[in-house]
Amino acid sequence: EPEVTQTPSHQVTQMGQEVILRCVPISNHLYFYWYRQILGQKVEFLVSFYNNEISEKSEIFDDQFSVERPDGSNFTLKIRSTKLEDSAMYFCASSRSEISTDTQYFGPGTRLTVL
Amino acid sequence: GDSVTQMEGPVTLSEEAFLTINCTYTATGYPSLFWYVQYPGEGLQLLLKATKADDKGSNKGFEATYRKETTSFHLEKGSVQVSDSAVYFCALSEAGRRALTFGSGTRLQVQP
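Top line first, the protein sequences correspond to chains U and S. Start counting the first sequence at 24; every next residue gets the next number (the numbering used here). Start counting the second sequence at 263; every next residue gets the next number (the numbering used here).
Treat the hints as calculated values from the structure; they're not laboratory data. Keep in mind that a hint or two might mislead.
[Unchecked claim] Straight line, CA to CA, 20 angstroms or less: simulated EDC-like cross-link-like pairs of lysine to aspartate or glutamate:
no., chain 1, residue 1, chain 2, residue 2
1, S, 314, U, 76
2, S, 314, U, 121
3, U, 80, S, 278
4, S, 322, S, 278
[What the hints assert, rightly or not] Some chain S residues flagged as far from chain U (calculated, every beta-carbon gap over 10 angstroms):
no., residue
5, 284
6, 303
7, 306
8, 320
9, 323
10, 366
11, 372
We put the beta carbon where it would ideally sit given N, CA and C, even for glycine.
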């Protein structure tokens, strides 16, 4: 069964450094998402992406964040200058169609630790 | 804004016991409702969903009914197994939007 993959599984970085989290969505899916979960808190929506542009974003997704689909398979989340509070598990997801209730398939997550 | 409230965990049950995990929501309009499950070391997987009032979602013996009058979407299973041990997340999406709003998750531990 196809699945969403994410790399790396764990990323450690110094405050102020740039990080890029990578995701490979399911191959015939059209919508892509990033969510994050700070330890002990709820899973929070960051952004959705369709047809090479952002379709929705939350208040969390400020100018420090950007997303890109650099080729036909990868979907990336970049944090330009990491802060301690960016430490979290980041989940990528994808869904197949334009139907808003279509199932979102999640990857296993990347744990980001900012020191 | 929208929000989802789940019962605190962990919930510890013996095998074959009946499971209920409560979920209530606050939303404008008519959201779609979801239950996701996360097994150790894995991503969130959709367990079931309901897109309108009185719909019942079901999968793998789990059920939940969209109750608009009580703004609830409680998860139930008649007989749990050890393999059901996981974290369960209730979530909603507003009509026409894709962003999921999650509850805090409820850890279920099933003992043999």
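Check your understanding: Is the nearest CB of chain U more than 10 angstroms from the CB of residue 284(S)?
Key -> holds, 16 angstroms
Check your understanding: Can we confirm that no CB of chain U comes within 10 angstroms of the CB of residue 366(S)?
Key -> violated, 5 angstroms
**Study point:** Least C-beta distance between residue 306(S) and chain U, which was stated to exceed 10 angstroms
**Key:** About 4 angstroms separates residue 306(S) from the closest Cβ of chain U, which leaves it inside 10 angstroms; violated.
Exercise for review: May I ask you to check that residue 372(S) keeps its beta-carbon over 10 angstroms from the closest beta-carbon of chain U?
Suggested key: holds, 22 angstroms
Review point. Does the structure keep residue 314(S) and residue 121(U) at a Cα separation of 20 angstroms or less?
Key: holds, 18 angstroms
Point to revise | Check on residue 320(S) being off the interface with chain U, judged by Cβ distance over 10 angstroms | key: Holds: least Cβ distance 15 angstroms, greater than 10 angstroms.
Point to revise | Pair hint residue 80(U) and residue 278(S), alpha-carbon separation not exceeding 20 angstroms | key: Given pair residue 80(U), residue 278(S) is violated - Cα atoms ~42 angstroms apart, limit 20 angstroms.
**Study point:** residue 314(S) paired with residue 76(U) [C-alpha distance capped at 20 angstroms]
**Key:** The given pair, whose Cα atoms are some 29 angstroms apart, is violated under the 20 angstroms limit.
Check your understanding: Taking the minimum C-beta separation from residue 323(S) to chain U, is that value above 10 angstroms?
Key -> holds, 19 angstroms
Check your understanding: Is the hinted pair residue 322(S) and residue 278(S) satisfied, with a Cα-Cα distance of at most 20 angstroms?
Key -> Distance of about 14 angstroms is within 20 angstroms: holds.
**Study point:** Interface-negative label, residue 303(S) against chain U, beta-carbon threshold 10 angstroms
**Key:** Incorrect as stated: the minimum Cβ-Cβ distance to chain U is 7 angstroms, not above 10 angstroms.
In summary, the numbered hints that this structure violates are 1, 3, 6, 7, 10.
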